[in-house]
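*Asks:* Residue numbers (the working numbering), protein chains in the order written: chain H, -6 to 193; chain L, 187 to 256.
There's no promise every hint is true.
Claimed, not checked - Quick look at which bits of chain H chain L covers, simulated, 3 or more residues with Cβ under 8 Å:
| id | stretch |
| --- | --- |
| 1 | 146 to 156 |
| 2 | 181 to 191 |
To be verified - To give an idea of the interface, some chain L residues facing chain H are shown, with a C-beta separation under 10 Å as derived from the structure:
| id | residue |
| --- | --- |
| 3 | Ala230 |
| 4 | Asn233 |
| 5 | Ala234 |
| 6 | Ala252 |
Don't read these hints as lab results, they were simulated from the structure. Where is the CB? At the ideal position from N, CA and C, for every residue including glycine.
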Amino acid sequence: MTTSKVTGQPVSRPPAGSPARAEDMALVERCRRGDLAAFDELYRAHAGKLFSVACRMLGNQTDAEDLLQEIFLTAHRKLDGFRGESALGTWLYRLATNHCLDYLRSRTARTNQLNDPLDDEPGHFQAGKSGLAEQTVAKMDLERALARLPEGCRAAFVLHDVQGLEHREVAQALGIAEGTSKSQVHKARQRLRALLLERH
Amino acid sequence: MHTSYRESIHELIDGTLGGIRRAEIERHLAGCAECRAFHADMEAIRNAAGSLDALQPPDGVWLQVAGRLR
């Protein structure tokens, strides 16, 4: 049994015996044999997605660049443990989000930052307040609001609503139950609404 | 706002709601302005999130990674 970095609760491993991913496994096998061109191929296929996640999780491009290096060095070291139980991309998302969450927690410990007060309360719908749908949600405003979300629901939101993963894949990537992924994404949207309306 | 409809509204946006429940929610939304506004806001956020730009790391990141693996 492992522990989820999102909820801190024990979670089961992803179900074993899902279909083998022949292409992933072939690429991984070449990497395991020390073929740097194969690892370059793996990097090119996944670096953009993982960098996008890291930037949005950390809210800082320079930190995301440093962390991306560590993510791929760790991936290279841990490829022996990849068994194809999930897609390689999902396995890498999990590695990346774990790195991001560890980084955020150590940064919080270093700076003694407190969680946003929104952490315990989903954004409440305020009747009578002008809605977002009547305006365009500006990308910059959304990026800023995203950085203020509690880290657990931020991770689920980034993977689901920004990166387009299904809840099943988000659950695998974060080591949480599918229902938890749904509730985290729903909370994130409601908190974002509250944060975005503060600006208007 | 009818909070009991909240989860279903999210599922409606995600396209994961079954046909019967979907029809029920759509009927409710037609008659409830607050839930309709909530639905519109959640959909606006989801659409904006899906349109955020994909970011690319600078080439130097791969050079650093490859350098440390050689």
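*Asks:* Each of the hints needs a verdict: does it hold here or not?
*Replies:* Hints, verified against the model:
Interface restraint, the stretch 146 to 156 of chain H with chain L: holds (3 residues with C-beta to C-beta distance below 8 Å; minimum three). Restraint check on the stretch 181 to 191 of chain H versus chain L: 5 residues with Cβ-Cβ distances below 8 Å, three needed, restraint holds. Annotation: interface hint on Ala230/L holds; nearest CB of chain H at approximately 5 Å, less than 10 Å. Evaluation of the Asn233/L hint against chain H yields a held restraint, the C-beta minimum of about 8 Å falling below 10 Å.
Because the closest C-beta pair between Ala234/L and chain H is about 4 Å apart, less than 10 Å, the hint holds. A distance limit of 10 Å between C-beta atoms decides the matter here; for Ala252/L the minimum to chain H is near 6 Å, and the interface restraint holds.
Violated hints for the displayed structure: none, as all numbered hints are satisfied.
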